[in-house]
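Engineer: Now for the letters of each chain:
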Amino acid sequence: MALIEIKNLSKIYGEGQENEVRALDGVSLSIERGEFVAVVGASGSGKSTMMNILGCLDVPTRGSYLLDGIPTHHRSERELADIRGRKIGFIFQGYNLIPSLSVWKNVALPLTYQGVGERERKARALEALAAMGIADRADSRPMVLSGGQQQRVAVARAIATRSPILMADEPTGALDSKTGGQVLQILRDLNRAGTTVILITHDNGIAAKAARVVRLSDGRIVEDQQNTPDELCPVGDNFSRAPAVERGD
Amino acid sequence: MALESIRDKKIRSFLTMLGIIIGVSAVLILVSVVQGYNADLTAYYEKLGVNKVLVSMTGYDRTNTTDQSSALMDWAEETLADRIIGLTPDLSTTGVLKYHANTSDTAVIHLGNEQWSACSNYTLDRGRDLTAADIKGRSLVCVLGAHVAKALFGYRDPLGEQLMVNGIPMTVVGIYYPKDGSAEASMDDCVLVPYTLNRRMLGSDRITDLSIKVQGSTQMAAVLAAVEDWMAENFDTATGDYTVENGNDAMQAAEDETASIQVVLGGVAGIALLVGGIGIMNIMLVTVTERTREIGIKKAIGAQRSVIITQFLVESTVLSGLGGLIGIAVGLAGSLLLGKLIYDMILLPDPWMTAAAFLFSLGIGIGFGLYPAVKASGLQPVDALRAD
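Sequences listed follow chains S and G, in order. According to my numbering, the first sequence is numbered sequentially starting from 1. According to my numbering, the second sequence is numbered sequentially starting from 1001.
Check each hint, because a few of them may be wrong.
Stated by the list, open to error - Using 25 Å as the maximum straight-line C-alpha spacing, the simulated BS3-like pairs for lysine-lysine come out as follows: (1) S:LYS105 x G:LYS1009; (2) G:LYS1150 x G:LYS1179; (3) S:LYS87 x S:LYS122; (4) S:LYS105 x G:LYS1010; (5) G:LYS1047 x G:LYS1136.
FYI, nobody ran anything at the bench for these hints, they're computed from the structure.
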């Protein structure tokens, strides 16, 4: 059974009105456990809408979505929050860290919502930060870190929950190519360790790093192909590999 | 986490609390000041003497008044003896007191009998009080209030000295303890002379006013009724009129009045408190709007709606609770300070009022904090994330 399975999924804004927008228009897709999928498309192609729905951040107008074999529609808010917390880790373009919390508390935050005890929270947060190579900044506030460091904190937050799915929405969008490459390498390492990674991007070069590329245009899938990923060598880049990721589970 | 965001925005948090602080302290201070006023008033009436029945006769034929008064006194002494402490004619006038070069024209000259001091709550300090013999013999003697003794005689012992009361030489036989601060125009600024000098001092035999001091408040109704009955039976209303008054009524009326002042002032302060609460709501609305993105992030990483509501609720509860506590501290300090300055007494806010003000501020915080929190936490995570 596929980990993620969507059928005839549509998201329509202002349905029936003159300015109706079909962000997603009858999309079907299935993603297996352990895949590394890049969803690629131009701005306005519906890729962010797709991620929001796949991440249970938004609800489709129609169509079905099975996550791990369980339908997600008509779920209570409570159950959706629980699914987000336990099954999905998010990495956003803008990092989305909480400025008033220290780095390790940011990473530990999703664990708080799962009811993990404070000691274990801190241990797991520090472990995830160590895996990202920034354990030494655990007590800093996010604002004092560089963009690359902040994105690593965000990745650490996504992996601290040990969620089986990692969704990254333009994770390199705000980074220079070197640090962007590092973040991508981290995602690949996580994928090798068994995490299903869904990467949303507008950049074909980045999409080429994924084993499978799904191309969206005007709310429809126009291409879905397996890909032999390039090795991670961004053009003109002399970047060194990010520290190896060790999964706790 | 809620506490962290309060600590993060100290100035804003303080300004938010300021409304509650001012509201709570205003409630406490205003209410205590009114209570102080009330206590002051009660003290005044207590000094004046409580549990008195006051009989007053007006417009009556002269000779009859004298007869009626003596008849009333005779009757009362006989029938009410076990219920009353004393009974005295209670007349007064003003005039000039003169001792050598010292004069005073603020003193009240009381005309009473040997029970007058008991009826009027005066205690003898030195010398002797008036006696029945003084009354009967129309002796030219007087008892001085503490202020008169000090003002006219200074450090000299007034006992046995002679002073002029409205031009009549009188010998000082006693001095009262001060009971009202011993100041000019206070109750200590007085002199008592035998009421039987009324023809000489007032130019009339008439005894128009009588005071009966009752043993306790429980006896008041019985004595009042008995006196009223006697008056109704023996007083000829064709030629005059009379009133029988409960002396505690004036105190009661004054207390009622301060109670209504208290309600009005408490209401005004309550409005201040409400405005403070609206301030909290305003800030919470701004805070929540500002942090919609944060709410989106939290929801995205698995926060339940209740967690988010709780966070904002804790924040507003802590703000309003802390504001309430500081307000109580300010109110306490303000009450003590004003109590000392205005009434020279230790004035503490009423504990019930304090508890109520605190709970009210807490309730405002919870109520006004809940609304924006519920509103914000209901957003779809994706919509919340889009906010800037």
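Engineer: Hint by hint, where does the structure go against what was stated? Just the numbers, ascending.
Structural biologist: Checked against the structure, the only hint that fails is number 5, while the rest are satisfied.
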